[in-house]
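Please build the complex by placing chains B and C on the supplied structure of chain A, with the hints as guidance.
Okay, here's what each chain looks like letter by letter:
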Amino acid sequence: MSLELGFQQALNGLSFGALLFILAAGLSLVFGMMDVVNLAHGAFYMLGAYVALTVVQSTGSFWLALLVAPAALGLLGLVLEPLLLRRLRGRHLDQVLLTIGVALVIADQIGLVWGREVRSLPFPPGLDGSVSLIGGVYPVYRLFVIAFGVALAGAMAAIYRRTKLGMLIRAGVEDAEMLAALGVNTDRLFAVTFAVGAALAGLAGVVAAPVFGMQPGMDVDGLLYSLIVVVVGGLGTLGGAVAGSVLVGPADTFGKVLFQEFALAVIFAIVALVLLFRPTGLLGRIRIAR
Amino acid sequence: MGGFAKNDLAEKRGYSYRLTRRQFLVATSAAALAACGPGAVTPGGSPSATQGKALKIGQLLPFTGVYAELGNSMRRATELYLKQNDNKLAGRRAEPVYEDDANVTATGLQKAQKLIDQDQVDVLLGVVPTPLAYGLRNVVHNAKMIFIDTNAGGNFLTRDIPNCTPACKSPYVFRVSFSSYQISYPIGDYVSAKGTKEFFLAYANYGFGTESAADFTSGLKKNGGSTTGNVAPPLGNSDFAPFVTQIKNQPTKNVYSFFSGADAIGFIRSWNQLGLPAAGYKMYGAGFLTEQDVLKEVKDLANGAITSLFWAVELDNPENKKFVADFQKQYPLLPDVFAVQAYDGMRALDEALKKVGGDTSDKGKLSKALEDVTFKSPRGDFAFDKTTHNPIQDIYIREVKTQGGQTVNTILDKIAKVTDPGK
Amino acid sequence: MRLAAIAAIAGGLVTFPYWSAAWESSRFATTVLRDMLVFAVFALSLDLLVGHAGMPSLGHAAFFGAGAYAAGIAGQRLGTDQLAVTLGAAALVAAVLALVIGALVVRSEGIFFLMLTLALAQIVFAIAFQWTSVTGGSNGLSGVGRPTLGGLEFNAPERMYVLVAVVFLAVAGFLWILTRSAYGRALVGVRENERRMRALGYDTTRLKLSAFVVAGALAGIAGALSAYSLRFVSAQDVGIGNSVQAFVMVLIGGAGTLVGPVVGAGVVLYIQRVLSSAIPVSETVLGLVFVAFVLLARQGIVGVGRAAWARVRSR
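Line order of the protein sequences matches chains A, B and C. For the first sequence, position 104 matches number 104 in our numbering, and the numbering has no gaps at all. Whatever position you read off the second sequence (first residue = 1), add 1000 for our numbering. Whatever position you read off the third sequence (first residue = 1), add 2000 for our numbering.
Worth flagging that the hints you see were computed from the coordinates, not collected in a lab. Backbone N, C-alpha and C fix where the C-beta goes; we use that ideal spot for every residue, glycine too. Heads up, a few of these hints could be off.
[Said to hold, decoys possible] Here are the simulated lysine to any residue pairs, SDA-like style, with alpha carbons at most 20 Å apart:
| no. | chain 1 | residue 1 | chain 2 | residue 2 |
| --- | --- | --- | --- | --- |
| 1 | B | Lys1417 | B | Asp1372 |
| 2 | B | Lys1299 | A | Glu117 |
| 3 | B | Lys1253 | A | Val137 |
[Claimed, not checked] Computed far set for chain B versus chain C, every beta-carbon distance over 10 Å:
| no. | residue |
| --- | --- |
| 4 | Asp1086 |
| 5 | Met1145 |
| 6 | Lys1194 |
| 7 | Ala1279 |
| 8 | Val1313 |
| 9 | Gly1405 |
[Unchecked claim] Covered stretches of chain A (in silico footprint by chain C; criterion: 3 or more residues with CB under 8 Å from a CB of chain C, positions within the stretch not fixed):
| no. | segment |
| --- | --- |
| 10 | 75-88 |
| 11 | 226-237 |
| 12 | 276-283 |
Just chain A, same shape as in the assembly (with noise of 0.2 Å):
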């Protein structure tokens, strides 16, 4: 492999990985704040981009998009965590055959409402071009991504760092349970942390459908790729979810190229290998089991 194409894949890896980011950061906070592996990501993922279809066919702006959906999702996250997940606290087979159950649902309606087909969403204008880089051009989508990807970890720092909803999360992710000792109502903290992964997920949702376009299936390997950048990453952080997807998202693209009979299995090889030296994930502790 060349340099320049050595480059050039680092970029694709890097954009994917961003975009990972995205997707997982929704399924770790879910899971770090209420301990619930919310099978329903994949689909919640899936929605936000049909959503985005939608806005985009009526008002042509993928701005706009990049708000509606993820409000969209939101709300809906508020609504399922009271209506559904909130009795089964503890319960994570239960948890497990609920949100299979609410993934299916969510994915076969939207082929009545949306179709089957399989549908794309067009670059949004300024950044439909491509840019001259060492050794080619590159799509200028791609790094707006990999730029969203940064900001949006960055803006999740902040946000866990100065706020108090930030400090709630954390102390949250170390112990819930000391939470409401305290006082914390968690019934809603509980609610809103759903609702605030539901609305990342769309948010995914919308910035992959330009690159990836929509089709029946999408919440399957969304769902995938966000439970394994998570568990690579380490359980329930953000600093988790970052070194996931930076790790997982070249690592697919290089592992594909390069292993090409291979292809199928390289993601799930990067499993294994990562959770059989570090059973907690990259930067997971050790926690003592609930």
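Relative to chain A, chains B and C alone:
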């Protein structure tokens, strides 16, 4: 929908277990009918109006899962054919029984068994994925059930294969769609004969993609052509940029690719994003790369791509013009190639039944009748190859062009009467 | 009394195709019931992990698939259809694979266990999908023969059913004994509190690994039964969809019980294979069923049945 109609004998037996199950199914079926809405329900003729036993046509298609849209399209074409013929095939009332394979092979195999054992269909049509067609081959062969494959294109299904692994031809198996060879070898032969000898390959890494790449390559080699390398993304790959980047960093400008549906859209969009057209790269492929489902999304990004298929919606012949117009009158959609396949499946069956007076009891006779079927299809002249039961059909070399705001496959050339080698 | 009832039910189950022969739907019902029993074996094997040992594996299809391929390939390569050979090969290959994967995963817990089993199973899937010369790759492995036992053939549909039913009963009986033995109780102890079990002197890692291997071997047997039944092995048999399906069967039926996974397998296959012919069973219907089960039937179908029975008796 008519899958649970029972004969009188069963009614009279009245096992309590069966009765409750029946009541349950009647109730749920009624709810289903209400939910289906117009278009989905078979408009069956009133029983008193027709004589004799209805001809039951099993249609095994995906209505859920990633291929749901293909199944829906094939169902629409089937309904259209029935409507145009007053729900009669060779004068016999025809009753389709649809089953959903959900794109799971095990489910599909079991549903096929259900169509055969429970519904006692007279013929079986359908099947989108190749593995399901291969799994089904022995089932229908042993049951002596006439099976008309209306999509799955794996080469082995209509070939002479020692040990019959993974599949082989059968007197009871017919195919109205295509074999991988037919949509891949001719274009390899064609382009190399015209002087374009060197190609790089890009194909989805599964049975169909590898078959297509291999057949294209042997077409090239016939005229001294060769391939210089390949990329093979896994099936259902999401990010195509890494693979297109690989293509861009090698010198062979002509690229033959096998992708369809979402993969094709992802591939073509990445191809343009990374500036391959400007760098002088040219896209060739098997026809599914640029069918309507893809063109509708990528539009002029696909301009200049040269692909081969046995049909194009723009094909200029009276049968196709009528088919497209009729389809659009019935549904607010353009027909796609899958619709043509399903429509021709019904047509081939109809023509064969006419030869045997609508009698499906002698499967050997029906098989012989099918072998002799010829008709004018929307794709052009249709006939079965009597040795393989694969169609003999014209293959069109097409180029994607945007004209008058529409991006279409224009016909460049025709390779007449392409047959599968059969081994 | 109870034993007599169980024997009667078992006898009725095994002979189903014969006493139902007069029904119009007998042949169809036989194939549906056969597939339900195949998946019941698969779900039972997974429940040994999920319900008893507290190891929620999302990769159990790896062993189902390994067994299916092993039975098919052994039959074709060795040119034999002897049940002892092909079924033995299935159990053995699945057990060895389970030993390898199990050794890597038994120390992890919770979601890490879930993801590690999923990841390793996907690697097995990738091998099955790409190793075309052995497995048939994406085309699948076709022409799998139905077995014979000595001179007894299981080619006819009724006999194939009987074989499946007998194996199902054997597996169920084996698990009944196993889960009630000291070994089974130790597994539950590990699930409830692994550290305490370790303190009590149990080698918990070995306990869990042994359970993983036993569950893998049983899943391999289920896979072999599937291969015989369908005469075909699809790469999908190893895929994540199949793993999730088994998981759902266990949860819907009720984890940690002998009847639960069997009922779960029956319900899921009934929806998928029978009900879907009468009504368009969309993913929406399936999804709503899952949600309803979680919210209304906490312990699965079996839990609801038990609660109802307890209420009736207390009157």
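A quick look at each hint next to the structure:
no.	hint	result
1	Lys1417/B with Asp1372/B	holds, 16 Å
2	Lys1299/B with Glu117/A	holds, 15 Å
3	Lys1253/B with Val137/A	holds, 17 Å
4	Asp1086	holds, 26 Å
5	Met1145	holds, 14 Å
6	Lys1194	holds, 33 Å
7	Ala1279	holds, 31 Å
8	Val1313	holds, 28 Å
9	Gly1405	holds, 37 Å
10	75-88	holds (count 3)
11	226-237	holds (count 4)
12	276-283	holds (count 4)
Hint compliance for this structure: no hint is broken.
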